[in-house]
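Chain by chain, the residues run as shown.
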Amino acid sequence: MEAREIVFDFLEGYDLLGAFWVTVKLTVYSALGSLIWGTLLAGMRVGPVPLMRGFGTAYVNIVRNIPLTVIIVFASLGLFQTLQVTLGGGDDFEVINFRLAVLALSLYTAAFVCEALRSGINTVPTGQAEAARALGLSFTQVLRLIILPQAFRSVVNPLANVLIALTKNTTVAAAIGVVEAAYLMKDMIEAEAQLILISAIFAFGFICLTLPTGLLLGWVSKKVAVKR
Amino acid sequence: MTTSVLFDAQGPRAKQRNILYTVVFVAAIAALGWWVYTSLDEKHQLDWVKWEPFFTSVQPWETYLWPGLQNTLKAAFFALLIALPLGALFGIGRLSDHRWVRMPSGVVVEFFRAIPVLILMITANAAYSEFTDIASDVRPMYAVVTGLVLYNASVLAEIVRAGILSLPRGQTDAAKAIGMRKGQTMRYVLLPQSVTAMLPAIVSQIVVIVKDTALGGAVLTFPELLASVRPMSANYGANTIACFTVIAVIFIAVNFTITTFAGWLEGRLRRGKKSTGAVVGGGPDGGVETIDTPKLVAEDGHKV
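From first to last, the protein sequence lines stand for chains A and B.
Per our numbering, residue 1 is the first one in the first sequence, and the count goes up by one each step.
Per our numbering, residue 1 is the first one in the second sequence, and the count goes up by one each step.
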């Protein structure tokens with residue numbers, strides 16, 4: 001008891017759980033945003049309108065090749081400080097930076113969600129789409145009722161990898177001053193002489209976030225996989 | 001006329017509808033574009049003065065962009081150079097018959113794959129300043145390379161493992177039958193063949209490495225391409241938007257070249273007669289397609 005108190009003394013005054021909670025919030029909001037936008041992009045890329053197909057392809061190719069850091073820093077320096085886009089955050093820098101980070105993470109991750117979904121659409125046997133068309137369903141109906149439900153079930157694993165990558169990518173938000181785990185870690189390392197211990201704590205925190213995600217979604221993917 | 005299994009060949013009504021969708025979509029894009037244009041114009045970000053330095057003089061290229069790009073590529077190059085052999089070592093280690101080699105390799109690989117690369121870079125930076133006497137002006141570079149090596153070596157280890165596992169069992173059996181030892185089997189039979197299967201995934205990993213160097217610029221004062229935004233926009237009259245545009249274009253050009261090369265390589269290897277046809281695909285943002293140990297990749301669908 002005594003020894004433990006001395007070793008972890010330096011944790012006093014730092015909101016460790018709070019920082020990881022911000023990481024979790026960033027992950028969840030960005031995951032939802034990128035899932036919606038990524039699905040729309042995938043729909044555009046396989047759809048019948050040539051212009052939308054071109055837009056989807058261009059979007060994915062451009063966004064995948066820009067570093068996330070550039071997008072996030074641009075959101076802060078370009079969108080906020082130059083163009084005064086506040087996303088309804090008022091004067092509160094913390095809220096604004098958080099929302100900008102969510103926006104940037106969503107826009108970036110959507111490209112990967114779109115690619116994962118598209119490969120999932122390719123795994124659905126052509127007979128499914130042909131049967132749906134034979135019933136007279138329109139493109140949106142084919143996609144919504146027949147293809148996407150099956151595609152989603154087959155891409156749980158790739159999407160889990162995207163989610164894990166997203167969880168790790170939320171640390172980039174530290175670059176624009178969102179007080180999440182990596183930001184707090186940098187702070188603590190500068191103020192305390194406990195480098196190894198601090199790093200170990202944060203590494204452990206991220207392992208606690210990413211490992212269960214992988215295991216849980218791996219189990220889900222086996223559960224929901226379409227038996228063919 | 002495009003056809004797809006997802007929609008019927010378009011009749012006159014469908015064509016009309018598509019034209020309607022196109023018009024609506026163009027209108028939405030145009031509205032967005034107009035908003036971007038007016039807000040940029042309002043802040044005088046579109047003034048020619050702010051864009052001119054990039055087109056009329058070599059100074060921004062000579063002073064900021066080219067050195068920045070050089071640092072970006074240098075860090076990526078060294079990271080790849082060190083991570084490749086390390087990754088091969090751990091990838092092969094995970095396939096070892098000996099438990100005491102397999103287990104530690106597995107733990108190391110899974111550990112560094114689960115941690116954000118930024119955390120690794122920050123730790124490396126602090127560790128170098130505390131325990132070594134590396135000069136403070138090159139320390140960020142060392143830290144960036146260290147972080148990239150630790151993360152990418154573990155990703156490359158998974159790629160190597162998946163590549164070796166993608167070979168048919170008969171290869172190992174045949175090598176055993178002619179009396180090769182385990183090391184010989186690996187060196188003369190398995191590795192040379194699996195390299196072709198791994199190459200596209202390795203090349204796509206280079207894109208991830210190049211992109212991750214930007215972290216060093218944003219967080220660790222590593223003078224790479226992204227870090228040149230602040231001094232540039234301070235020097236050329238707050239042309240933040242112009243600077244970001246130029247930098248994004250450079251990143252896209254570099255990475256698009258690598259991605260295209262990877263795609264071409266993958267297509268070529270898939271068609272190739274000499275390889276087994278199995279190709280290890282790149283995962284999202286680095287890594288291979290699955291995170292847990294069984295059934296790794298091989299995009300041709302055959303279970304490894």
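Some clues are possibly wrong.
Stated by the list, open to error - Heads up, incomplete: computed chain B residues facing chain A, CB under 7 Å, no partners named: (1) Ala9; (2) Ser129; (3) Glu130; (4) Phe244.
Stated by the list, open to error - Away from chain B, derived, C-beta distances all over 12 Å, residues of chain A: (5) Leu32; (6) Gly33; (7) Arg53; (8) Ile62; (9) Gly89; (10) Glu94; (11) Arg153; (12) Ile198; (13) Phe206.
Since the hints were made in silico from the structure, they are not lab data.
For glycine and all other residues, C-beta sits at the position ideal for the given N, C-alpha and C.
Subject >> Beyond 12 Å from each Cβ of chain B, as asserted for Ile62 of chain A >> reply: The claim breaks: Ile62 of chain A does not keep its Cβ more than 12 Å from every Cβ of chain B (closest is about 6 Å).
Subject >> Distance rule for Gly33 of chain A, whose beta carbon must clear each one in chain B by more than 12 Å >> reply: The claim stands: Gly33 of chain A keeps its Cβ more than 12 Å from every Cβ of chain B (closest is about 16 Å).
Subject >> Non-interface claim for Ile198 of chain A versus chain B (Cβ beyond 12 Å) >> reply: violated (8 Å)
Subject >> Residue hint Ser129 of chain B, partner chain A, criterion CB-CB below 7 Å >> reply: violated (9 Å)
Subject >> Assertion that Leu32 of chain A lies farther than 12 Å from chain B (Cβ) >> reply: holds (17 Å)
Subject >> No chain B beta carbon within 12 Å of Arg53 of chain A's >> reply: violated (8 Å)
Original post:
At a threshold of 7 Å, is the proposed contact between Phe244 of chain B and chain A supported by beta-carbon distances?
Top reply: holds (5 Å)
Original post:
Measuring from the C-beta of Glu130 of chain B to each C-beta in chain A, is the shortest one below 7 Å?
Top reply: holds (6 Å)
**OP:** May I ask you to check that Arg153 of chain A keeps its beta-carbon over 12 Å from the closest beta-carbon of chain B?
**Re:** Nearest chain B Cβ is 16 Å from Arg153 of chain A, so the label holds.
Subject >> When the least beta-carbon distance from Ala9 of chain B to chain A is tested against 7 Å, hint result >> reply: violated (10 Å)
**OP:** Check the non-interface label on Phe206 of chain A: least C-beta distance to chain B beyond 12 Å or not.
**Re:** violated (5 Å)
Original post:
Non-interface claim for Glu94 of chain A: all C-beta distances to chain B beyond 12 Å?
Top reply: holds (18 Å)
Going down the numbered hints, you'll see the structure goes against 1, 2, 7, 8, 12, 13, while the others check out.
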